[in-house]
Structures are given as C-alpha cells and as structure tokens.
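Once you have looked at the hints, place chains B and C on chain A.
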Amino acid sequence: MGNLHLIADEIGATLSVPVNLWIARVSAIANAGPESLVFIEKAAGLEAAIASGAGAIIAPPGTATNAKPLLLSANPKLAFARAARFLKDGTHSVYVDPTASVAAPELLGRGIAIDQYVVMGRVSVGDGTVIKPGCAIATGSSIGRDCVLHPRVTIYAGVTLGDRVVVHAGAVLGADGFGYVRDPATGEYIQFPQQGTLIVEDDVEIGANTTIDRGALEETRIGKGTKIDNLVHIGHNVRVGRNVVIAAQTGISGSTVIGDGAVIGGQVGMGDHATVGQGVIVGSGAGILPHKKLHGPGQVFWGVPAKPLHQHLKELATIAKLAKAPTASQSEPRQGRPDPEEGK
Amino acid sequence: MGNLHLIADEIGATLSVPVNLWIARVSAIANAGPESLVFIEKAAGLEAAIASGAGAIIAPPGTATNAKPLLLSANPKLAFARAARFLKDGTHSVYVDPTASVAAPELLGRGIAIDQYVVMGRVSVGDGTVIKPGCAIATGSSIGRDCVLHPRVTIYAGVTLGDRVVVHAGAVLGADGFGYVRDPATGEYIQFPQQGTLIVEDDVEIGANTTIDRGALEETRIGKGTKIDNLVHIGHNVRVGRNVVIAAQTGISGSTVIGDGAVIGGQVGMGDHATVGQGVIVGSGAGILPHKKLHGPGQVFWGVPAKPLHQHLKELATIAKLAKAPTASQSEPRQGRPDPEEGK
Amino acid sequence: MGNLHLIADEIGATLSVPVNLWIARVSAIANAGPESLVFIEKAAGLEAAIASGAGAIIAPPGTATNAKPLLLSANPKLAFARAARFLKDGTHSVYVDPTASVAAPELLGRGIAIDQYVVMGRVSVGDGTVIKPGCAIATGSSIGRDCVLHPRVTIYAGVTLGDRVVVHAGAVLGADGFGYVRDPATGEYIQFPQQGTLIVEDDVEIGANTTIDRGALEETRIGKGTKIDNLVHIGHNVRVGRNVVIAAQTGISGSTVIGDGAVIGGQVGMGDHATVGQGVIVGSGAGILPHKKLHGPGQVFWGVPAKPLHQHLKELATIAKLAKAPTASQSEPRQGRPDPEEGK
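Chains as they are written, first to last, in my numbering: chain A, 1 to 344; chain B, 1 to 344; chain C, 1 to 344.
Here chain A stands alone, though its shape is the one from the complex (with noise of 0.2 Å):
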C-alpha cells in the first residue's frame, strides 16, 4: 500500500494532480480495481485505461485527461515495474516455523521468516529474508539481506548469496561441477575435486530448477543484477558478469566468461573455456565452440557454431536459395518427428 504521491517520487513520475490516493498493486488493465495502478505507453491507449477501474495511470509526457489521476513518466513501463517492486516492499513477516530445523539460530538477521520443514547447518541470513518451505541450504552458506528463497530451493556447503537474491522453487546452488579424469588402464572416471564455491552478488534472480555448480578448486561467481530464467544450467568456473540476460535451458560450460551486459537467448550452448564479451548478444539456440571468443558490445551472434547475424543470415539465405535451384538433389531421410507412442 502507498500513497500516490509516494509512489510518483519513487518511480520518478510527475503526478498530473494533487490528490490524496493509496494504491495497493499494479494491475492488468482488464482486471484493475480502484486500488490499482495501471499504465499505457502511448496516448492512443488512454481511453480503455480510463474506461477500466483503475485508480491511477502511469502515462507517457503530453497525455492529459480529468478523468483520473495520471502519472507522467518517459518511460512508463519501466515506471510501472518500480512501482511494483516499491509495492512490495516492506510485506516481510517475521517467523520461524517450529518444524524448521536451523543449526543456529544465533546467525539470523531481524525481520526474516523461515517456513515448514527448511534445514539449515549453520548459515548466516540476513535482515528481511524470507525462505521457502522445504528449502535445505547446507553448512558455511551465507543468505544476504532481503532475499527470497522460493520452496525446496537446495544450497550445498560454503556457497553465498549476496543482499536482494531471488531464487525460484527447485533450483540447486553449489552442487558438484561435472570433471571426471579417466583411467587410461580400466577406462574408469575418477570424480576431479570439486571443492571450490560458488558466489551470487546482490540483485540477482535464479529461475525455477536452475542448477549452478560450485567451482572445481576456485569459484563460480554470477555477477550482480544478473537475471536467470528457469531450467539453466552453469558449470563450475564459469563467471558471469553483471547485468546478464540469459533466458531458459540455456547451458554454459565449465570456465566460460562471459562480460557484462550480454544478453543470452534461450537454449543456447556454450562450450568450455568460451568467452562472450561485454555487451554481446546471443540468439536463441546458437552454439559457441569451446574456447571461442565473442566480442563487440551490441554484435548479435547466431547459429552453430555462433558466428556474426549477418554472416549466418547470409548462410541460410545461400542455402534456401541452392535449394530451390530445378538441380538441386532430393533424399528423404527419416526426420526427427516425435511419435509420443514410441518406447512401448
């Protein structure tokens, strides 16, 4: 609950008049009550704003209307998803469940909640966390401030989580990085050391049964504001820089780096040892080699293996093209198509 004159300062909006009105949410313009907060980006889009329920509008600059209180912003999406991130600010209750199993409670900030059936060894949380029935998070750990840690999240030993982390249900922090070193003799892998850690700064968020491995002898870092979607998997070594982008089932290989601002699609595959640099973009399900480079802060890269849009464009339109040629051969290979009956 705010009131619009706080929230206008907080998103830095200019309020179109005095009024004195509490906002609970942000809402959809088709599902708003009078205690939401609604917002339009362009002009055309005031007249089913007005005509909802909605308390209040975040509009862009030069939108004018009586109807409702307007707030003006230049960018009123951004606008709007700061005033749901105030919104829910200050909604921490303060508890721990009795079926909780905490190692020491003495190393527990103010203002936290610990939900049913958590186990924790001994790990440091900080002021106006909240963890998650079914969570375990294993001895050494540490938990920053105002963190959210979604049920059964996992945390192995000695891995830390900066101040404003979110974690999303099911994902698994610090487990063992995947190096085996064969047996020349008997052909057996025998499991490499994988005792390093595994460090997340502030602000960042972790989707839904992600897994990040702790490093083999050193660290695994994600770096700070950092948002990752579900089902991602990062092996041991790798850093990520700060302010990535990296959508769903992408996989990233042991010691890969990758440099702030990148912007990694989904499903994407990187190799060992790769690097992608500062401000780099990949599109969806592109393959980069191990140990390849890719630089140039805005360049997109596609395909596998990834390589420049334009090139890979210029590829596929070589190939379609080849193809329609009245020469070009024809074969009919049986193709990937799934037959959900298959296995029986």
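These aren't lab readings, by the way, just hints derived from the structure by calculation.
What you are looking at is a predicted structure, and each value in this text was computed from that prediction instead of being measured.
Where hints are given, some of them may not hold.
[Unchecked claim] Mimicking SDA-like on lysine to any residue, the simulated pairs with C-alpha atoms at most 25 Å apart in a straight line are:
#1 A:K293 to C:A323
#2 C:K42 to A:E218
#3 B:K224 to B:R110
#4 B:K321 to C:H310
#5 A:K77 to B:K224
#6 C:K307 to A:E218
#7 C:K224 to C:G279
#8 C:K307 to B:A74
#9 C:K77 to A:H291
#10 C:K293 to A:E218
#11 B:K77 to B:T65
#12 B:K321 to C:K224
#13 C:K42 to C:L72
#14 A:K88 to B:E219
#15 B:K324 to C:L72
#16 C:K321 to B:P305
#17 A:K88 to A:G33
#18 C:K321 to B:L322
#19 A:K224 to B:R110
[Claimed, not checked] If you only want the chain A side, here are some residues facing chain C, beta carbon under 10 Å, derived:
#20 F86
#21 L87
#22 L108
#23 V119
#24 C135
#25 G158
#26 G162
#27 D163
#28 G179
#29 R182
#30 L217
#31 G235
#32 H273
#33 P305
Glycine included, each C-beta is placed from N, C-alpha and C at the ideal position.
Here is chains B and C on its own, set in the frame of chain A:
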C-alpha cells in the same frame, strides 16, 4: 483387480469365450503371471503370448485360440492402455499425514491422501486427489478431483488445476515469468510484474522437473488432455491448446500460442509470440522464430529456423551434395567435442 | 586426513623423500595450506607450487626439489583425483534424524545417515549410505552401499541403485515414461502403462535436477561407472552402457541404446530407438535421428542430423564459402534474438 467381463466392457473389446477370470494388472509378455493381461498387435505374436504366463490376451480381430481367453479389439495397444487405467482406479487411500501442514482443512475433499511434510496454504482440493511427500502449494491455489501430485511439486499462489491432472516430481507451476525492464541509465534490469496466474485444465499430465510460469498480468493456460514431458519450460502468457503433446526439454517463450492437437518434439525452441497452429507437427530440435506462425493440420516443420519438412530436407540434401563435390573447400575448426576433464 | 605414505600407496605414486606428513585435503595452489596436497602437470609449474603454502606436491616423474615432498606420478591429474577420493573416505556419520519418516527401519544397513524430513517407504539401504534432507524414496526401492543422495532427490517405487552411486539434489529417478496412445475417435491421449523399472548400477553419478524415467514394461538401465551431468533427460527403456559420460541438458528418447565408454556432449538430442556404439563420441548440440545407428570406437559425430565429424565440417566450410561468393543472395529474416521484455 477387475473381472475380465468388466474389463472387456470398459475397454470396448469383445471377449472370445465366456470365462470368469479376475485380472490384477497389465504386464509385458516376458513377466506376465496368471493375473496379468498382455497384448499383441498382430496375430504373429499370438504364440509367444500363449506361451507366457498371462491370464488373458488383448488381440486384433480375427485372432483365434482355445489356449487362453482373448479380448478382441481393433486397436489392441489403446485397449491395453485403457485396461491399465481401469485397473489403477479405486486405489486411492484416505489419509492426511500428521506431519502435513494444512492451513485450511475445511477446503479438502473426500477420499484424498496428503503425505508427509506437505505444506499447503489455503488451498481447495477435490475428492480423490493424492498429494505425495514434500509438495508445497501456496495459498489461493485450487486442485481438482482425482489429481496426483508426485513428491516435491511446488505450486505458487493462485494456480488452478483441473480434474485428473498428474504432476510428476519436482515440477514447478506458477513461478514468476522472465520479464524485466532495463533501466537505460544504469543498465540494471527491474522485474516487470509477474502477477498473473496459471490454469491447467482437466486430464493434463506434467513431467518431472518441468517448469510452467504464471502470466505476467494475465494467465498462462494449458488445455484439456495435453501431455507434457520432463524438463520442459513454458513461459508466461503462453496458451497451449487441447490434446497437445510436448516432448522433453522443449522450451516455449512468452505469449506463444499452440493449437489443439499439435505434436511438439523434444528440445524444440519457440521464440516469443509465435503461433503453432492446430494439428501442426514440429520435429525434435526445431527452432521457431519469435512472432512466426506455422499452420496446417498434419503439416510437419523441422530445422532452425523451422520450415516445412520437404523444404528443410531439400536444403540438407543440397548441402550434402555440394560438400561431396571435388571443389568443396575444407577446414578444421575446433568442434564441440565434450571434454569431461574441462574446468579443472 | 591421511599420512603421505598411505596416500602414495593409494594413488600409485612414488614418494620423493621419507617423511611423516599428514594431509587433510587437496587444494588449488592459490589457497593451499600446510595440510594441503597440490598437483602440477609439468615441471614448469614447480616453482609456483613450492612458493605456495602446500604441504606436498604431486608431480610428473623427473621433477626434483628438496623444498617440499613430491609424489611422483605419470598422470598427476589422475593421482590428484584419487587422492581427493581417498581423503573423503571414512567421513560418514551414523544417524537417523527423528523427523525422518522411515517405514522399515529393519531394512537399513550400518553406518548410514538419514537426514531431516526424508520420507522412505519399505526401502533397503546398504552400509555407509547418506541420504540428505527432504529426499522421498518410494516403497520397493533398493539402495546400495556407500551411496550419497543429496537433498530433495525423488525415487519412485521399485527403483534399484547399486553401490557408491551419487545422486545430486533435485534429481528424479523412475518417474513415468512419456508414452501415450491416441484415441483416434476423440484425439485424446491415454497413458500407455509405465510400470517397468529403473536400474542404476555401481559407481554411477547423476547430476542435479536430472530426470531418468522407469521402463514402460521392462527396464531402463544405467551401466556401471557412468557419469551424468545436470538437467539431463533419459527416457523409458533406454540402456546406457558402462563408463559413459553424458554432459548437461542432453536428452535421450525412449528405447535408445548407448554403448560402453561413449562420450556424449551437452545438449545432444537423441531420437527414440537410436544406437550409439561403444566408444563413440557425440559433439555438443548434435541431434541423432530416431532409429539411427552410429558406430566406431573413437569416431566423432556432430551436427543435426549427426554425421561423421569430417563430413559435417566439410558441409560447414562449403556453406561458408558459398555465402562469401559475390552472387550469394541475402535477406533479413527476423532472428532468435532474445527479448527480456517479451510477454508483457
């Protein structure tokens, strides 16, 4: 346990001889016992089925023997599957474990089972539903009749499941979608509100460790009868139609729409706002670009980017032919060979 | 903690000087202390290792120094891995937490640890096995000696694990396979029975959030010594040989067979009923068509669909060359660039 007459009625088969036989289970021919029902797809398999320990055999019309009772059906495999379902019915126990944490017992139906360490907020549960150990279900969610939630399923607040929904272990339903607004001044990402909901209709099955996100402001919806394999990712605002099949590790980006009866292979990637029309078939590993529309019931699409199958096959054949030509150049880029010893 | 003489014996190395030194752990050179063992692969690294705080150094034959004791081994990295394994041995506690729900304590071996909120049906557990918080193991399963199940592993009914099996957090073993029969009259899918089993042989390691399904009517089997990374999917009836390595996010469809010693990269997709022969190497991101057979120990396959490496490289080179030719056409299809703001 079911009488063979009853089973014949239930699965729409004709019993070859009047016999009073009780069947406990369906089995493979290799390990069938006297209470087992087996099936053959062609008359050629009859001898082996007779030689087995099975009590009765589902067989195609025209099959004849006096050795064992037959259930004659035009689609023996389908009849076998129906028999399995029938034999499983009526086995639900009635039980709420004392360690389960249930906020609102008055919302629970009859004939349900809630196992150890389940944590439920104010959640309504329909008759006959089974919730296995360690599930966490947040307040405001609703679960229909005769559902099965396997261990450690997480359901976020406000999610709706229909009747006869099966969710396998570790699946996460209704987590925040992956939507952020970048602050151009700082490069930081701020979460766009992810406060919509997720609706899973009747008869849907969801695989182990699959993740389906809630809508941003509206809903994500999975249509009646749709079957989803393991480790699938479905983003916010996606709408999947009825009787769709989605194989393992496929990822579907935000706001994409999939029509009724579509068949989606494994490891398919779909960009945001794409459309897969009714009855369309997408081959495994295909990549569908954002905003792309694929239409045509029974039409097969394959490749990255996905195109009609015949076109993609022609392109593959063209490349293979050109590479075989004596003038084709050759080089040896480092390829994606896995190195189990990397990262050390 | 191990005496250096004992470690030398265990890892097959020669101690350079008679010395009575106790070693607690293996370490990176950067953070080694007096109880640490480090390793160098070439004599060139000796100076840095001597300058470190390490108590002893594993080094290749021919290395010589009086500064610190050396363990001379023809394969220092393998020796280091063996030392790590040896030093970890013997640390298993003996403990069943009072909050663990164990249906059949009489089936538990000696020297085991069962942690908080574990739920086990009638399950036999071998000596020395550790089961961490929140695991759920259904009736009829069997777990060997000296296994480690990390937190929140789910094992369905009737699964068998051998000795020294390690399962990382969130993995799901023995869930129903993805097999349905379509009712042509209604378009609905009915589950085909998924009542086979899953057998995991000795010394297998399984990554975090990986899923391995049970057989439909027979078994799924993972051979001795095989190592499986995070977020891998293995379908019903699959048979994986011995000492196979499977990197992260690879998916294997039903009834596929993988021979001993094969090496499978990350994000590989295999169709159903495919065969990967003994010792075959499959590059990351490759796609193997249903029913395809790849053979030849040491042979490398890559691409979609997967073909011999030299052939795939020739095709890539051919495309690149043709696209560079001045007559190559060009177009600008919308590509798979990720948009973190989509779906709003």
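Evaluation of the provided hints:
1. A:K293 to C:A323: Distance ~22 Å between K293 (chain A) and A323 (chain C) Cα, so the pair holds.
2. C:K42 to A:E218: holds, 20 Å
3. B:K224 to B:R110: holds, 24 Å
4. B:K321 to C:H310: holds, 15 Å
5. A:K77 to B:K224: Roughly 34 Å between the alpha carbons, so the hint for K77 (chain A) and K224 (chain B) is violated.
6. C:K307 to A:E218: violated, 37 Å
7. C:K224 to C:G279: Holds, because 15 Å separates the two Cα atoms, which is no more than 25 Å.
8. C:K307 to B:A74: Given pair K307 (chain C), A74 (chain B) is violated - Cα atoms ~40 Å apart, limit 25 Å.
9. C:K77 to A:H291: Measuring from Cα to Cα gives roughly 21 Å; hence the hint holds.
10. C:K293 to A:E218: violated, 40 Å
11. B:K77 to B:T65: Holds - the C-alpha atoms of T65 (chain B) and K77 (chain B) are around 19 Å apart, at most 25 Å.
12. B:K321 to C:K224: Outside the cut-off at roughly 42 Å; violated.
13. C:K42 to C:L72: Between K42 (chain C) and L72 (chain C) the Cα gap is close to 11 Å, so the pair holds against 25 Å.
14. A:K88 to B:E219: holds, 20 Å
15. B:K324 to C:L72: The hint is violated at about 50 Å.
16. C:K321 to B:P305: The given pair, whose Cα atoms are some 21 Å apart, holds under the 25 Å limit.
17. A:K88 to A:G33: holds, 17 Å
18. C:K321 to B:L322: Measuring from Cα to Cα gives roughly 11 Å; hence the hint holds.
19. A:K224 to B:R110: The given pair, whose Cα atoms are some 49 Å apart, is violated under the 25 Å limit.
20. F86: violated, 18 Å
21. L87: Violated: closest Cβ of chain C sits about 17 Å from L87 (chain A), beyond 10 Å.
22. L108: violated, 18 Å
23. V119: Result: holds, 4 Å to nearest chain C Cβ.
24. C135: Result: holds, 9 Å to nearest chain C Cβ.
25. G158: violated, 13 Å
26. G162: The hint is violated - G162 (chain A) has no Cβ within 10 Å of chain C, the shortest such distance being about 21 Å.
27. D163: Status violated, d = 22 Å.
28. G179: At 9 Å from the nearest chain C Cβ, G179 (chain A) passes the 10 Å test, so the hint holds.
29. R182: holds, 8 Å
30. L217: Status holds, d = 4 Å.
31. G235: holds, 7 Å
32. H273: violated, 13 Å
33. P305: holds, 8 Å
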